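Chains as they are written, first to last, in the working numbering: chain A, 1 to 473; chain B, 1 to 473.
Hints may contain errors.
Below are the SDA-like pairs computed for lysine to any residue, each with C-alpha atoms no more than 25 Å apart in a straight line [said to hold, decoys possible]:
| no. | chain 1 | residue 1 | chain 2 | residue 2 |
| --- | --- | --- | --- | --- |
| 1 | B | K49 | A | L121 |
| 2 | B | K279 | A | A312 |
| 3 | A | K174 | B | Q56 |
Honestly, the hints are just simulated from the structure, not real lab data.
Since we're looking at a predicted model, the values are computed, not measured.
So the chains spell out like this:
Number of protein chains: 2
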Amino acid sequence: MASGKELCEGVEWRIRVVDGSSEVLVPPTGLARKVWLRTKGLISGLGMKVRMFLKQAWDMGANDPRKVIHCIKVGLALTIVSLVYFMRPLYDGVGGNAMWAIMTVVVVFEPTVGATLYKCLNRVCATCLAGFLAVGVHWIASQSGDRFEPFVVGASIFILASIATFSRFIPSVKSMFDYGAMIFILTFSIVAISGYRVDKLFDLAHQRISTIIIGTSLCILVIMLVCPIWSGQELHSLTVRNMDKLSDSLDGCVRLYFTNSNGEDDQKLQGYKCVLSSKASEESMANFARWEPSHGRFNFRHPWKQYLKIGASMRSCAYCIEALNSCINSENQAAESIKKHLSTSCLKVSSSSSSAIKELAESVKKMNKSPTIDLLVEEMNSALEELHNDLKSLSHLLNPSTTAENQISATGLVPFMEIIPVVTLASILIEISVRIEALVGSVEELVKESEMKDKIVAKEEKPEGTMKALQRV
Amino acid sequence: MASGKELCEGVEWRIRVVDGSSEVLVPPTGLARKVWLRTKGLISGLGMKVRMFLKQAWDMGANDPRKVIHCIKVGLALTIVSLVYFMRPLYDGVGGNAMWAIMTVVVVFEPTVGATLYKCLNRVCATCLAGFLAVGVHWIASQSGDRFEPFVVGASIFILASIATFSRFIPSVKSMFDYGAMIFILTFSIVAISGYRVDKLFDLAHQRISTIIIGTSLCILVIMLVCPIWSGQELHSLTVRNMDKLSDSLDGCVRLYFTNSNGEDDQKLQGYKCVLSSKASEESMANFARWEPSHGRFNFRHPWKQYLKIGASMRSCAYCIEALNSCINSENQAAESIKKHLSTSCLKVSSSSSSAIKELAESVKKMNKSPTIDLLVEEMNSALEELHNDLKSLSHLLNPSTTAENQISATGLVPFMEIIPVVTLASILIEISVRIEALVGSVEELVKESEMKDKIVAKEEKPEGTMKALQRV
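Could you build all of it, start to finish, from the sequences and the hints given here?
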């Protein structure tokens, strides 16, 4: 695109000819030629953009094949519902009932089981509730005579729509019934203004509800049977993955600082940033996971909210790693002798903290209390003790005179300013280990709660048993 | 609820009678009585919950009356569109066209102008595009004979639905056309499986598109004329508010540490947490703001993305304030003499940094380069210089012997461990001021870009002029 444009503006362009010399490209003067070149440039630019876009899309699909599978699932569900109605014309035209089944599949199908169930249940319940209410209002309106009918209908729509919209702002309603409130307003308005007699309305309501149930059942079947993606499982994996990332970046940053090894993977060092930015996705996953039946190792009422607490603890560690990183990249570097003095204990603290986090990740993964975590925390604390002692003995290396910077090499003592970065780093490390202990607490709480729920479920399900066994497979 | 339940389980309850003595409540034994008490308990518990819920809803409405206004707007738009169709029966029953107008209003009406415009434009464009494509596919299918028709239709639905679903995962498509992709799938499937002949399909498409246009126009009119809430304006105010909060908590934290004043408002100190958690809302607002026409002081192509950069800069400051807070709450407290030694310069740094942030907030608010910001940054830097000097001279106060902690009072020197918290705090303060300079840079960029856009718009609109003047009112 650029070459075409700039040619038109008369910029001199040179091309290298085969024999090695270069030739000036004389800008063409004919209008037709100008237009042709400009068009060519535009097209090639567009082609380039399209190629880039397709490459981006291809990479995305290759990196996460589950996205591709989701797309195929949507296509599958939609084709099934369309063909059923296409081949057996149960409907009368586009306005008929087929539409509701198709519409349900399109709007309700979400990538995860939890989100789909949330929408399905909300849609069915809200449609039923709004339908009954609207039939009632319709009856009242029809009793009030031709003159008042529009007022009764209008007022009821105004009031109920306003209230339902308001309820969508209330956090507890929003997290559970946001979609339901919208469907409620929709169904209520449509049914309330319909010109049908009440007996015909019941027929219509029956048909609409049955098509919606067909649509939702199909969605639920497809989403749960074809490579299901569970919100709960996703949240669980995200938490484990984030812990691993946190541990890697903590260890990597400190190691980079003290050993100056350039071998550290930059992506690994920046892993804590994923932890910083995953709050919103954790919340939505925990929200959807509540709707999921037991799957894999997770029971119906698995303590999903506890994952949010773990997430918050991880983020509070990640904030400190951010501050640690700024120490490492700060301008005024520390004296090498001080770095050496503290390096052993700092590295010990960081490696023991990071292996504690790794162990926590393992504990969440297996969903049982780790037998070694107490040991690792103890190890971390003894490393902290050592770091404390090293810090105390630091004052021996210190040069009490601030102006005697030229004496450093002679006496081996360093000016106070040069110890500040290392001391800051050490005290942030200490703070991180305090926060890791909070993280240990929240992981233990999760494990305990989940075991408790397991026991309750096991007790409740003893009489039946088989159902549970089937679900656990 | 609790009292009823526990009575039934035979727990001894005592009540204080008027004369001061207490009486044991004997649990009632009759079955009817038990049921009655349990029901009463349940009802009173439920009543309590409902009261709590209503109180919460009332408080929310009182705190942000715009939410109430939004609900009234939804009710208004829906009542208008319903009554138009109710009083002039242009439709044939519920399946008719009235439904599309109502449905459009319900699903398209969002709290802000930008979000509503985004949905309206996506809905109209996607419906048109999918409608034309579906008519084409329908024609091809009808040409291919009765036997192959279902296969052609099914395959086209499968392929297009899968591709459109996949496109919703691509970030650039998701941010601009997520809703449009869904509507595309919906319209395409419905039209493609319809049993109509092509000529009748055009009628239908025309009707459907016109009802959708009626619905969207009504929404746009209501949302823009009745107390409009602009995403852009919201983003702008959020940014200014967050800067103020950042400045308040920075200054408050440092002041609290050095002066031990308990008068600091705890809510003010925690203000930086709002900055930490506003990433998601900033992004969605910036996304919707792109769709808004010029309003107030903002042109159509106001540099909204720059707000996201400012937000990121603010968050990087907030991370440091988090670390600062942990210093303040840390267990090992610093020696008073050291605190006194550094207090003046630390307070100077924090107050000059926080007034720099305040000035930046003012600059964003007025959308012009602040005349005093350079001066304030200079002041901050000179305060930093002072802090550096104070830190350097700190070594005089230091006790070189680690074991001589009992000599403190005699010599006035402090052990090394007791200076660590203050030194850490000081070096985090230094880091914060570095990050504030980055914030200054991104605010200046915003102001520059917005002025540039203003000039371009002014140039482009000189010939027309009046339109712009109208919009600016």
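Agreement of K49 of chain B and L121 of chain A with the hint, judged by alpha carbon distance not exceeding 25 Å: holds (24 Å)
Given hint A312 of chain A paired with K279 of chain B - CA-CA distance at most 25 Å: The hint holds at about 15 Å.
Agreement of K174 of chain A and Q56 of chain B with the hint, judged by alpha carbon distance not exceeding 25 Å: holds (13 Å)
Every hint from the earlier list agrees with this structure, and none is contradicted.
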